[in-house]
Structure formats: C-alpha cells, structure tokens
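**Student:** Each chain is listed here by its residues.
2 protein chains.
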Amino acid sequence: MKIRNYTRVERRDAFLKENAKGVSIRVAISEEDGAQTLTMSIFELDPDGYTPLHEHSHEHAVFVLRGSGKMIDGKKEHILSKDDVVFVPANQKHQIKNTGDSVLTLINVVPICK
Amino acid sequence: MKIRNYTRVERRDAFLKENAKGVSIRVAISEEDGAQTLTMSIFELDPDGYTPLHEHSHEHAVFVLRGSGKMIDGKKEHILSKDDVVFVPANQKHQIKNTGDSVLTLINVVPICK
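Listed in order, the protein sequences are those of chains A and B.
Numbering-wise, the first sequence is residues 1 to 114 according to the numbering used here.
Numbering-wise, the second sequence is residues 1 to 114 according to the numbering used here.
In short, the hints are calculated from the structure, not lab data.
Misleading hints may appear alongside valid ones.
[What the hints assert, rightly or not] For each label pair, taking beta carbons as the anchor points, the in silico distance ranges come out as:
{"no.": "1", "chain 1": "A", "residue 1": "Leu16", "chain 2": "B", "residue 2": "Gly34", "range": "28 to 38 Å"}
{"no.": "2", "chain 1": "B", "residue 1": "Asp73", "chain 2": "A", "residue 2": "Asp73", "range": "34 to 44 Å"}
{"no.": "3", "chain 1": "B", "residue 1": "Asn19", "chain 2": "A", "residue 2": "His54", "range": "38 to 48 Å"}
{"no.": "4", "chain 1": "A", "residue 1": "Asp46", "chain 2": "B", "residue 2": "Glu77", "range": "36 to 46 Å"}
{"no.": "5", "chain 1": "A", "residue 1": "Ser68", "chain 2": "B", "residue 2": "Asp48", "range": "14 to 24 Å"}
{"no.": "6", "chain 1": "A", "residue 1": "Gly74", "chain 2": "B", "residue 2": "Asp48", "range": "19 to 29 Å"}
We put the CB at the ideal spot given by N, CA and C, even for glycine.
In isolation and in its complexed conformation, chain A is listed as follows:
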C-alpha cells in the first residue's frame, strides 16, 4: 500500500508546447509504485491553459477537483465544474480548456489492460 499527498508529487510539463499551454502533470500512481493495471495523475491547467485535442485507444476517467473549464469532443463543448466526473471512451477526441480565473485541477485515471 502506498499513500502520499498529491501536492508533494513532482510536477512537470504534461504536453509539448506546440499544441498545449500551461498544463502540468503529477503522476501519483504508476508502474513505479507497483501498479500494473492503472495510472493516476493530477493535471493542473493555468487560467489560460489547454490540452491538445487528442485521442487514444484507452478509456479514461476524469474528476474535477477544483476550478472550472470545458471539455471539447471535437464538435461540442461541455462545461466542467468542481466535483464533475467525466468518462472519456476509447478513441474519443477530447480537449480540456481552463475557462476560469484560477487553476483547473483534474484527477485522471487510465486503466492499463495488457
């Protein structure tokens, strides 16, 4: 069992700068902790930050810890608020933008099924 406060996990840039802005990641659970079937990361988006519009073959679960923003699926925009849960299916285009005045903090969980 491994317990640590996410605020003490190293924070680093999450995406290449060409297609994202002001997004950092803290990888809180990964293979390094012995996890074989999931990762849990905390993303922080600056007030004007956004992720790339991207897609991947794994599903993921997102939880909005604090802040406000929107999730874009390539067509529609969905408002994100504190305590929202988001399910992103496999191969679904998605982009997250911070629309508020404070940091948008998200928990992101990805299952790793081999």
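On the provided structure of chain A, position chain B as indicated by the hints.
**Tutor:** Positioned in the frame of chain A, the structure of chain B alone reads:
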C-alpha cells in the same frame, strides 16, 4: 463522453451491515456508461463509519476528497488526509475508517482488465 456531478449520482449502501458501518457508494462511471476497462465510485463514510477489512484480486486507486481517516492493511494503520492518493495492490488486505467529525469522502477507481 459522459459528464455528471457526482453529488447527483444515486447514493446507496456500500457493504453488508455485518462488517461495515455508515458507508455509502455512488457509482459514477460503470458499464452502464459504456466503460469497459474501469469503474469510478465515490464512497462516503459517516463520522463513525468503516468498511470491512477485505481484499480482492484487482488493484485500486483511492483519492481522499475531504475528511480524515485511516487505512488499515491488516497490520499497520496509515493516516488519510485530504488530497492523499492511495494505491492498493491486488490481494492486499485493507480497511478504511473515518476518524474525523465530518464525512470522509473518497474517490475509488478500479480497473477491469478481462
């Protein structure tokens, strides 16, 4: 893509009453949402609530949203505080107790690898 505030998800008893007390669950992401490789649930433990001491073959990731408590692995006790991330390996005994005066709220993610 599916987005909803966890507070609007139906809340029900999480465990049998014989070996747990005051624990409810809101299943926020499951097969019903099209998820094939994970579930995300929110657990709420009343101030004197506790889960059973139990184990299972899947790993899980826990995030402490609010409140305080302890995680027991069958031998040692570990303090749980807001913003803590917990990795519970497969087949690791674990029990959670609320040690505070308010509700202990936890996000629980379980990967489902078939």
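**Student:** Given a hint of 19 to 29 Å, does the C-beta separation of glycine 74(A) and aspartate 48(B) actually sit inside it?
**Tutor:** violated, 48 Å
**Student:** That 14 to 24 Å hint for serine 68(A) and aspartate 48(B) (C-beta), does it hold up?
**Tutor:** The hinted range 14 to 24 Å is violated for serine 68(A) and aspartate 48(B), with Cβ atoms some 35 Å apart.
**Student:** Using the beta carbons of leucine 16(A) and glycine 34(B), state whether their distance is inside 28 to 38 Å or not.
**Tutor:** At roughly 30 Å between Cβ atoms, glycine 34(B) and leucine 16(A) fall inside 28 to 38 Å, so the hint holds.
**Student:** Taking the Cβ atom of aspartate 46(A) and the Cβ atom of glutamate 77(B), is their distance within the range 36 to 46 Å?
**Tutor:** holds, 38 Å
**Student:** For aspartate 73(B) and aspartate 73(A), compare the CB-CB distance with the range 34 to 44 Å and indicate the outcome.
**Tutor:** holds, 40 Å
**Student:** Quick check: does the Cβ-Cβ distance between asparagine 19(B) and histidine 54(A) fall within 38 to 48 Å?
**Tutor:** holds, 44 Å
Hint check: violations occur at hints 5 and 6; the rest are consistent with the structure.
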